[in-house]
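Letter by letter, the chains look like this.
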Amino acid sequence: MELAFFSLVAVTAVISGIMVITCRSPINSALSLVLTFFCLATFYVMLDAPFMAAIQVLVYAGAIMVLIIFVIMLLNLRTEVSRASTHALVIGSVLGVAVLLELFVLISRGTLTGFKGMITPQLVERLGHTELIGAALYTDFLLPFEVTSILLLAAIVGAVVLAKKKI
Amino acid sequence: MVTLQHYLLISAILFALGTVGVLTRRNAIVIFMCVELMLNAVNLTFIALSKFLGNLDGQVFVFFVMTVAAAEAAVGLALMIAFYKNRESIDVEEMNLMKW
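Residue numbers (the working numbering), protein chains in the order written: chain A, 1 to 167; chain B, 1001 to 1100.
So here's chain B without its partners, still in its complex pose:
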């Protein structure tokens, strides 16, 4: 029998993987994909809890999370292209204009 805990566990593992990716990778697009992975882990939590509470509100929130992710993809990728045009690279180590 698959219980709520199983889904929450998978979601936790995926979220932690996304965190490690964001902190260790240097390519901006890979970091962006790791953020998407974390968002999806949270979506899984929302849907699992929504099923086990018998309430649809969580699934509507997943809908909004997906909208925010789409908006983030459009603006984030445009930013990366603009950065690449200026620096010929999307390595995050080179984004140091405001670094202390």
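Okay, chain A solo, but in the shape it has when bound:
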């Protein structure tokens, strides 16, 4: 049952991923990407990470994709008339297949090592995923968390400077 559901979501994710890179119109690509994000959010729920699924839908499908769709509409982009030159298409596809093969070999030959942690699905269910993430974020990862705020400040300043009339 779980495998059947997983296969359904996986096939949807891969098909919408293919549509992202093949659709001629950017708006269709963007909508396919939203579908891929929803499939990934489903995977996160299946992996006992409900908070990450919520963030995926709110931040990625909600905020980032709306921003991208706004820009597509603002620039009034139309369907690409000219396709990429054939040598770019061939080289890109060959490199993509090479990456895929490499990752397949890595996954099939590699083994998982490392220390088993103590987070179990039962613990996540009892304490709540948000609480566990929050505790990790404010204790072990406090410095990276604060540095992230500097990154966001730089992004805000950068976006405002780039949006000026004369650049």
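If you are wondering where the hints come from, they were derived from the structure by calculation, not from laboratory data.
We treat Cβ as the ideally placed atom computed from N, Cα and C, and that holds for glycine.
The reader is advised that the hints may include incorrect statements.
Pairwise CB distance ranges, derived in the manner of DEER restraints [unchecked claim]: (1) Leu123(A) with Met1098(B): 50 to 60 Å; (2) Glu1094(B) with Met1(A): 47 to 57 Å; (3) Val1068(B) with Gly134(A): 17 to 27 Å; (4) Leu1009(B) with Pro121(A): 21 to 31 Å; (5) Val1092(B) with Val147(A): 30 to 40 Å; (6) Asp140(A) with Ala1082(B): 36 to 46 Å.
Given the coordinates of chain A, assemble chain B onto it according to the supplied hints.
Positioned in the frame of chain A, the structure of chain B alone reads:
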């Protein structure tokens, strides 16, 4: 039974799709979306490994990846609008000022 390998496989396929998109498309916004697809494939790997190792560190990293993606979206899209104002197009073939 769904194992770790299944998730890693899906993640690998999505990452390769993103790579092909970045290398073959010419529209800057579509390239940007393919980069987002690759970032999400990596996020899936992080969360799958975090579950199978019983450790939350991977999920905290996904949090940071999402922050970087948001910052990248804000600056990247502002750059594209600035480029469009100058060139009336966001085709990457026209970004050739520093081309050798």
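Structure-based check of all given hints:
One distance hint, 50 to 60 Å for the beta-carbon pair Leu123(A) and Met1098(B), holds here, with the actual separation near 52 Å. Between Glu1094(B) and Met1(A) the beta carbon distance is about 52 Å. The supplied range of 47 to 57 Å therefore holds. With their beta carbons about 20 Å apart, Val1068(B) and Gly134(A) fall inside the hinted range of 17 to 27 Å. In this structure, Leu1009(B) and Pro121(A) meet the distance hint of 21 to 31 Å, their C-beta atoms being roughly 22 Å apart.
The given range of 30 to 40 Å is respected by Val1092(B) and Val147(A), whose C-beta atoms sit roughly 31 Å from each other. Checked against the given bound of 36 to 46 Å, the beta carbons of Asp140(A) and Ala1082(B), roughly 39 Å apart, stay inside it.
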